[in-house]
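Make the complex out of the two chains shown on their own, each in a separate frame, by following the hints.
Chain by chain, the residues:
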Amino acid sequence: MRLPLLALLVGGPAHGYELKQALENLLGAAYPQPNVGQIYVTLGRLEKAGLIEGEDVEQSDRPNKRIYRITAAGRETVDAWFEESTAEPRVRDEFFMKLALAPHTGTANQIALINKQRRHYLNTMRDLSKLAAGEDRENRVAQLLIEGAMLHLQADLDWLERCQEELE
Amino acid sequence: MNQDEPSGPIVRAAGLVKTYRPEGAAPVHAVRGVDLTVARGEFVAVTGPSGAGKSTLLHLLGGLDRPDSGALWLDGRQVDGYREARWAELRRNHIGIVFQFFNLVSNLSVADNVELPALLAGRSPRQARAARGELLDELGLTGKENSTPGELSGGEQQRVALARALVNTPTLLLADEPAGSLDSKGTREVLRLLARFHQRGQTILLVTHDARMASAADRVISFFDGQVVDDAHLGGGRHRPEAGVADVLKLKG
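Chains A and B are the protein sequences, given in the same order.
Counting from 1, position 91 in the first sequence corresponds to residue 91 in full-length UniProt numbering; the numbering is continuous, with no gaps.
Counting from 1, position 151 in the second sequence corresponds to residue 151 in full-length UniProt numbering; the numbering is continuous, with no gaps.
Just chain B, same shape as in the assembly (with noise of 0.2 Å):
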């Protein structure tokens, strides 16, 4: 999409601020001063708290939130000053979503879910038809094609969330507390399938609070009151150790 900078970063953000002021009540930082570049190809989780922000962060770089002040590039545009209209121009053929329950469209079919975006990206019905043909077959909901998000589990409704946002083959993939509202055996699928299609050089940001989610990634940002107080790489570096479950329970005797 940017022919300056292919190979530059795929966000960049440059002192970020969020404040909301409700009605009422003292205002919420949300998000004070955050610079953050997430490389092509990098898998990152932003993790802490409730309440840290981490959630108001994705929403300023997927444009479903605007930053009070800070300059945001995505792919090398710069995107902090677009009106909504470009956004969602933007969104729909660069970013997809995947939010923590689902935002299906509860009355179309799981077919239509997925088929929807490629045709408002300008994509043919035949074209959108393929994609979406392939997308639930590879998620493993080949069958499910006429149910309606209601009939299925939470699971499945994930992975119709997923191909959804991963149909117009996306820049960057934002993934906000995906498995939050799931069950163990459905965390492990979501996890399963970010770590694939990261594996086959999708760009992932991922928000959770879950530790066992962050650590699929290649990074972990520690979000706490609207800041990075950490952002560390994992797994690579200096030879460690594995670690073994005995590093963390111990059996007597």
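Isolated chain A (complex conformation) (with noise of 0.2 Å):
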């Protein structure tokens, strides 16, 4: 979470509950969001870090509110991170490992196994799509994270597709 409150940081000086909302705009329902206390002590490290410089701003009726600023620094960090390129998405380790190891230990059957994870892609798929049609539909941002997330579903289970065909 740290780069992505960089970056936002980027577009003006916010503080810790304007952040929160920002990333909830933008990213939708879908994306399961940091609570504020976990951007607060995000917004500490950076400080700690010199990315950030905090100012605290005195309010009349209530606590103290700390306004964030970025620093040189802190634009170098997210100008770096722009230009990265991005790992691509992990292999699927875990469900691999176990349908690799299953036969070695003879407690597993690889296509039972198959069927399992099938049950649970689907049904992320299905809540995936609970999740687009409640979902603004003017919200691009929120709506393009979600078709992502369910052409990498589409993907796994073309894969899993695959592997029934190899291991049956």
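By construction, these hints were calculated from the structure, which means they are not laboratory data.
All values reported here derive from a predicted model rather than from experimental measurement.
Positions of the beta carbon are idealized from the N, C-alpha and C atoms, including for glycine.
Keep in mind that a hint or two might mislead.
[Claimed, not checked] To give an idea of the interface, some chain B residues facing chain A are shown, with a C-beta separation under 10 Å as derived from the structure:
no., residue
1, V17
2, P49
3, A52
4, S184
5, L193
6, A211
7, A216
8, A232
As structure tokens, then:
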């Protein structure tokens, strides 16, 4: 969450709660939002690292709030983040391990594992469809996130089919 | 329709087998001993790789193809011995079918495409018109009555096909890759409509290779090499936390 918060601060100074709201508006309901505590902790660390600086602003009726702005070092960090290419999604490591090791243990059946995993993916797909239907159509970022997740799932399901073909 | 067993399953199949024997080629064992029950009001998706035999299964259930062996009951009556004429009557009155390529009559208007099966089923022109008007309205096709299928987008044509399939309020709706030739918007539209008719109690059997479509059903049957390899109820059962995109995609940082 460090880098997304930094990137938001490039747009202008903000306090913790504003950043939380900006993340929610941007990503929609499908993306599990950090709670406000996590955001304050992360902001504290970013400040300690010199990537942002905070300033207390007095409020008459409430405790002071701390407004953060990005530093030059922070900007460099954000630029470097966009500059570097992003690692591709991981190989299905844990499930693949189970599938590979099942014959060695004698306790698990590969086809049963595949069927179980397929059910899990289909249920996740169903949850995502519900989220997509509930999400604001106009929030294109949120819709695209969900669509991306669905396409990954479709690929995972296709791969399960391949496993079934080979192993049955 | 069946007086004896009105609350029995809509579909019951036992030991269905279908083998195609193309000339000069190896026989294709499309369906290899399938037992299947679909309860009233269920929305079932049959999914699997292409060539798994799932379309053949749908064709057997709709009488578009005959099994080599096995027994089949639709809404309580045994139909596996039916000849073509009785199947045609059964389909007209009790089974709606939607295909990947719509199969509309290209030189008839949208209105006529939808009314024709109602008229063939013995309803009066006035009743047919009323049913057609209601369905086209429901499917967002008001104003397209006089168009021919060729003048419509794929998504619109599939909605006309859906209206045609539903005009005689069938006991069972069969859908064979209904979004297979549609773009993502058309796909969403078809899914939304299937879900809506299902909510009103329509029994649906959907054949698809698309997991997104399949996950709209309550129950997903995985078909593989002519056989059922898994039969899963979705969403129900034990409580599971709802998944978000982060279960699938991970943002760095």
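Can you give the numbers of the hints that this structure goes against, from lowest to highest? 1, 5
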